[in-house]
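Line by line, the protein sequences give chains A and B.
So the first sequence is numbered by the UniProt record's numbering: it starts at 1 and just counts up by one.
So the second sequence is numbered by the UniProt record's numbering: it starts at 1 and just counts up by one.
Honestly, I wouldn't trust all of these hints.
Since the list gives no way to pick out one identical chain from another, each pair is judged satisfied if it fits inside one copy or across any two copies.
DSS-like, lysine-lysine: derived pairs with alpha carbons at most 25 Å apart [said to hold, decoys possible]:
#1 Lys208 - Lys657
#2 Lys208 - Lys294
#3 Lys171 - Lys208
#4 Lys171 - Lys41
#5 Lys117 - Lys625
#6 Lys67 - Lys122
#7 Lys625 - Lys657
#8 Lys625 - Lys656
#9 Lys625 - Lys682
If you are wondering where the hints come from, they were derived from the structure by calculation, not from laboratory data.
There are 2 protein chains.
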Amino acid sequence: MNVSALLTSAGVNTIICVGVFSLYSVFRKQPSLVSVYFGQKLAQVCAKRHGHFGIERLVPSAGWILKAWEASEEELFDIGGLDALVFLRAVVFSIRVFTVASTICLFLVLPLNYFGKEMEHKLIPDEQLNVFTIGNVKEGSRWLWAHCLALYIISCCACLLLYFEYRNITKMRVAHIAASVSYPSHFTVVVRAIPWVEEDSYSDTVTKFFSNFYASSYLSHQMVYNFGSVQKLMTDAEKMYKRFKYAHQEQHCASRLLRCGFCGGTATSFSILSEEPEISRGRSSFDGSDLRKKECGTALVFFRTRYAALVASEALQSPNPMTWVIDSAPEPCDIFWSNLCVPYRLIWIRRIAVVVASIFFVIFFLIPVVFTQSLVHLDKLKKMLPFFKDIGERKYLEHLITGYLPSVIFMIFMYIVPPIMMLFSTLEGAISRSGRKRSTCVKVICFLIWNLFFAIILTEAAIEHYQVSILDLGNPKNIPNLLARAVPSTATFFMTYVLTSGWVSLSCELIQPFPLICNLFYRYILNNKDDLTYGTFTFPYHTEVPRVLLFGLLGFTCSILAPLILPFLLVYFVLAYLVYRNQILNVYVTKYQSGGLYWPVVHNTTIFSLVLMQVIALGVFGIKKSSVAFGFTVPLIICTLLFNEYCRQRFHPVFKKTPATIMIEMDREDEHCGRMEEIQQKIESAYCQFTSKSLNSHKTTQQNESKYELDLTGIPPNLNSKLEDLEDITAPGKRTVQLPGSLVGRPTHLELDEVQVK
Amino acid sequence: MNVSALLTSAGVNTIICVGVFSLYSVFRKQPSLVSVYFGQKLAQVCAKRHGHFGIERLVPSAGWILKAWEASEEELFDIGGLDALVFLRAVVFSIRVFTVASTICLFLVLPLNYFGKEMEHKLIPDEQLNVFTIGNVKEGSRWLWAHCLALYIISCCACLLLYFEYRNITKMRVAHIAASVSYPSHFTVVVRAIPWVEEDSYSDTVTKFFSNFYASSYLSHQMVYNFGSVQKLMTDAEKMYKRFKYAHQEQHCASRLLRCGFCGGTATSFSILSEEPEISRGRSSFDGSDLRKKECGTALVFFRTRYAALVASEALQSPNPMTWVIDSAPEPCDIFWSNLCVPYRLIWIRRIAVVVASIFFVIFFLIPVVFTQSLVHLDKLKKMLPFFKDIGERKYLEHLITGYLPSVIFMIFMYIVPPIMMLFSTLEGAISRSGRKRSTCVKVICFLIWNLFFAIILTEAAIEHYQVSILDLGNPKNIPNLLARAVPSTATFFMTYVLTSGWVSLSCELIQPFPLICNLFYRYILNNKDDLTYGTFTFPYHTEVPRVLLFGLLGFTCSILAPLILPFLLVYFVLAYLVYRNQILNVYVTKYQSGGLYWPVVHNTTIFSLVLMQVIALGVFGIKKSSVAFGFTVPLIICTLLFNEYCRQRFHPVFKKTPATIMIEMDREDEHCGRMEEIQQKIESAYCQFTSKSLNSHKTTQQNESKYELDLTGIPPNLNSKLEDLEDITAPGKRTVQLPGSLVGRPTHLELDEVQVK
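If we strip away everything but chain A, and leave its shape as in the complex, we get (with noise of 0.2 Å):
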């Protein structure tokens, strides 16, 4: 691949991404699309349906892009939360190390590589573009030093950068956690492993245990049913409502709905059916004897005060280790109830077999990839394996197979990806959505780096180069040397896969492909002219901080050794930073958040892509007799390490637990207040099993009256609960489930920015 070949093809990237732009500025000014580009806006505002029809509803504009720029870091974290800022400060980050590692590598690197030997230059359009990596260098060149100052100074760089940010966002941490004053998960503790007592229910134990015990702060406790056996009761319960609703044509039975505690919650099926007076009385009816078998072993309790809850979720209970295990609780809209009836004996079992799972699919998924990958190269191919003959008689099977089906295939293996890390972070035991988002997270960056980075890397080494057999790659030593053979090698690779997927994919985030055929089909083809409000989603931080971090790696690896990379990954970070700003702010609803727990997620994979980056340099050095420069790489990787250390002593700690002071502070001012008891009313009532959760019930107090009209459509619980779930597993196809439109609500008075603008 020359210089222009590249240039052409960022310049057909730039124009479809300008393209898709521009068509996502003119689509988000029709009405009639708004359940797809405003799906956060809808969750939390009363808009109005119709606007004017006007031809500058038809124009290309940059609005949104201005708007997405203009909105203050305090917004964001009103609709995005703590999660949205951590993930934006990781681009941002990313923009900033970046812009200094392009200006280096570009105006001191670029041009010793591109001099490195003597040799004849062409024409630079006609350049290939391994002159300008690393691989051009001669041996033993004296000018190494200026790669290795350029290594310095990115990763000084980088680490600095880091530590601020560590430093910001622990301050973001600690002040959001003194701020969420009214969550009652401060209050609460999720007590599993309740040992069976012979003549004594579940729920009777607790109330010994802890009246025993914490009689002075034990508030209260709610047990936790059996999922299943409830579920069965709730789905009867529903099918009788359902025939209820369509034999009467009952339009004032929403009304009727009971409220289930403070956090948004809606109707449970028993009170729709309080006209059946067996079943009636609410709640009530959970505490029957019959219910009482089937609570499991577990319980939400509540403590009079923020300080007894955490200290009781630190202190080791009992002397049996495996009874009486306390976490603090999540939030009410973040709790993941079918895990919480999990016998706690099972957990470490399932703990370890998702683990051996995950590693065993990370490494096997390498033999498609591989297999894949080796399809780009059937010349090579053919002469290895006499198979291929065949193939390669017959032209256009060969283009289809060089050319398309190796990216349909991969396409296809990341989208299949996400959501089987999901399915074992769930296996895994996680008793919060956000807690199992973030091990998916965790997961996928993980899949991402062995079969992106590494499987390519050797795939290429192996087949394009240095016939390594993959035997070779049992000794650790070697490995070094074969990256730093392979790196500068596939950086054109990489090159390429920026532009199409990196830039691709943000064009593909802004304009929800799937969704939007998903709104025409039903409007055009089916003709079904009811709004359709799909399920409102959370961000998909399990697919989107992992695509940041390999963006972040690969710019890293590639630096010093292919530094013509960086213009087109600053290019990916900036508009990365537009369009998740403007999705954050429009499209996705914030049900649940981490509280920032994805930072040190992005620190420790920087750290690696930086020690990544320094041992491939060293590899480098190596292989180019540079004693010098691989001399003081040695202790950049010691600093680097050392570092990475001291960050995590002095931050990550508040990131594993609650600080007391602060807890401390909090319960006095609210005593202080006397808002103490309103509060302890509030948090008995906060936490419903068997409830739908509001669409925004963070923000209940705040908009009451839009979630009125959201709430109440009827949308029989248990099948919007089950939405949450589905949700989060077929992510990366976002937005696949939709409800009937006779279940579907109505927000009749949308007024939408834009079109209150004209």
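Given chain A's structure and the hints, the job is docking chain B onto it.
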């Protein structure tokens, strides 16, 4: 080596052992050696000095064996604490498991090995030892299922026993915690990294913080002073004291010493110097404004209840995890004051440095070990390295080098290692003596396993049979095969190692040669008739636990490969059981204990040994081409690892954290009995930074009388505390430090049990 040679060697060693044991039984009856063999008793009781002389004092007897055997577990617990009991349980576990292993292997595996190949057998005494190893079984033998069965039985038996021991010891630990009502450490936490506030002293900052956040439970605190600066003050004071003492010869000085706390602390220099008014008023002089500058950012904080202290030590206090670091406090006699002053921000880097240094030390110690080992094979070395040819010419030199030098070098190395590891652990920043000793113990175990087991096997393999170069070891897949080939052939060496190092080390432990010689030297050469009280020593867990575990490792790995080792090992463990019981009962004192924290170390090492045994067996079955046995071994390894994980979940948390409910119940009981006030008064004076620890401080309440006699000996306090430091570091060459006669007290009423019997 053939069987008769082995039996001869065993016979010689038996005779040596019997001789030494008899000698010991005579020596221990000599009143002049009381200080050597009854350090523990000396520290406890007032004994009469001079018994009657009789012929029975010169007749060997087995009475001590009977006494050691008969001592009950309660007695051992009272004298040696939980750690001693745990150590003895480890020995008992070894006896049990190797009894089973011996039975299985001698009656099932040994005959199969012996008749494994069709060959002409000589008479048993002339048979070579390798005929009894698995090396003698022919490839593809159908009888390898028996080895696999033996492997299963030994593994299952070991796991079962380990499980019961772990459960038992967990119970004992819990009971020990619940029984230790008057431990001041339960009420105390160590606060490190107190932030420096410009206008306040550290002490004021602590007061403010705890009376702000822990107002209801905070009792008081005690600052830790910079050891260096105060020590200088102390030394000056001591000089003054000496001058004062020798000038006036005031013998009644000792009776005036002020006592500090109930921890059995004795005089501070300041109280001795109470004649000089400007330094007088005991502890109050520490609070002077000049000393305020010598405060380091560490304090001991006392709480009103155990639960409050526990909770404070487990929570993360401040949003900055590098300030207000709270750990649970060690016992007053266990605390390691000088490490408390190490700035907390340096601890993590010290820890990393020590880990790196330890790894380097362990790995590079391989070089002298391999060199030493290779000297044994001088004839083979001569072929490989021409340098040795000249030496080989002179016969006597060769004998010296092959027969004598290696073991001497080896012994010297082995005596150097524990003090170096202790030094490492000190630098690591352990705040308790028991923690430091445990950390040393772990390091020594790693060292022994690597440098004694692996290094010897690999050296043997390299020189003797397979010409493996060190570079081949880079590939981890080779290691099981290599071990499988090398272990049977090194079994002979290990057998003699057990006979010599194992049996002889027990004799040494019993007869305590170094203190004995010192005693005799003082008594008969220097003609110093004064009795010598050596510093009493705590049990050297950091050398003895690793030794027992190493022999366990040898037993497991050799059991099915070379079962002849097992009887010798069993004898070793039985002797160890008797000898260590005797030593715990008579020689060592228990100044501090870790509360059974050695058991997880024992457990993990045993699991490691088991897995290693299985992996080696896997390699052997692979080499012997027995696919059935190979296939059956794989699930065994997985099950063993799962079992370990289960134990880690089920028992280990109790060894990391203290169960909260126990603390709450203890608090409640104290409250109920009205002891709380009294205890709170005591704890405030329990910790004295500048005092000599009494010899048997734990048993203060029971043994007040004897303590008074032993404590007030006028030893300058910091000289004694220096001795304590030295004692731990120089432990393998035990009792090297002696007090000058003039400073040593005279316990004049010794009543030893044997003397009483007469």
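At most 25 Å between alpha carbons: which applies to Lys625 and Lys656, within, between, both or neither? neither (45 Å within a copy, 50 Å between copies)
Given a CA cutoff of 25 Å, do Lys67 and Lys122 count as a within-copy pair, a between-copy pair, both, or neither? Neither: 45 Å inside a chain and 96 Å across chains, both beyond 25 Å.
Classify it for me, Lys171 with Lys41: is the Cα-Cα distance of at most 25 Å met within a copy, between copies, both or neither? Neither, since 29 Å and 59 Å both go past 25 Å.
Homo-oligomer pair classification [Lys682, Lys625; C-alpha up to 25 Å]: neither (70 Å within a copy, 69 Å between copies)
Have a look at Lys208 and Lys294 and pick one of within, between, both or neither, based on CA distance no larger than 25 Å. The answer is within: 20 Å in one copy meets 25 Å, while 50 Å across copies does not.
Which holds for Lys208 with Lys657 at a C-alpha limit of 25 Å: within a copy, between copies, both or neither? between (28 Å within a copy, 23 Å between copies)
Give the relationship of Lys625 and Lys657 under a CA distance limit of 25 Å: within one copy only, between copies only, both, or neither. Neither way: Lys625 and Lys657 sit 48 Å apart in one copy and 53 Å across, limit 25 Å.
Please sort Lys117 with Lys625 into within, between, both or neither, judging by C-alpha distance up to 25 Å. Classified as within: same-chain Cα gap 15 Å, cross-chain 56 Å, threshold 25 Å.
One pair to classify: Lys171 and Lys208, alpha carbons no more than 25 Å apart. Within, between, both, or neither? Cα proximity of Lys171 and Lys208: across copies only (23 Å, versus 40 Å in one copy).
The structure is inconsistent with the numbered hints 4, 6, 7, 8 and 9, although it conforms to all the rest.
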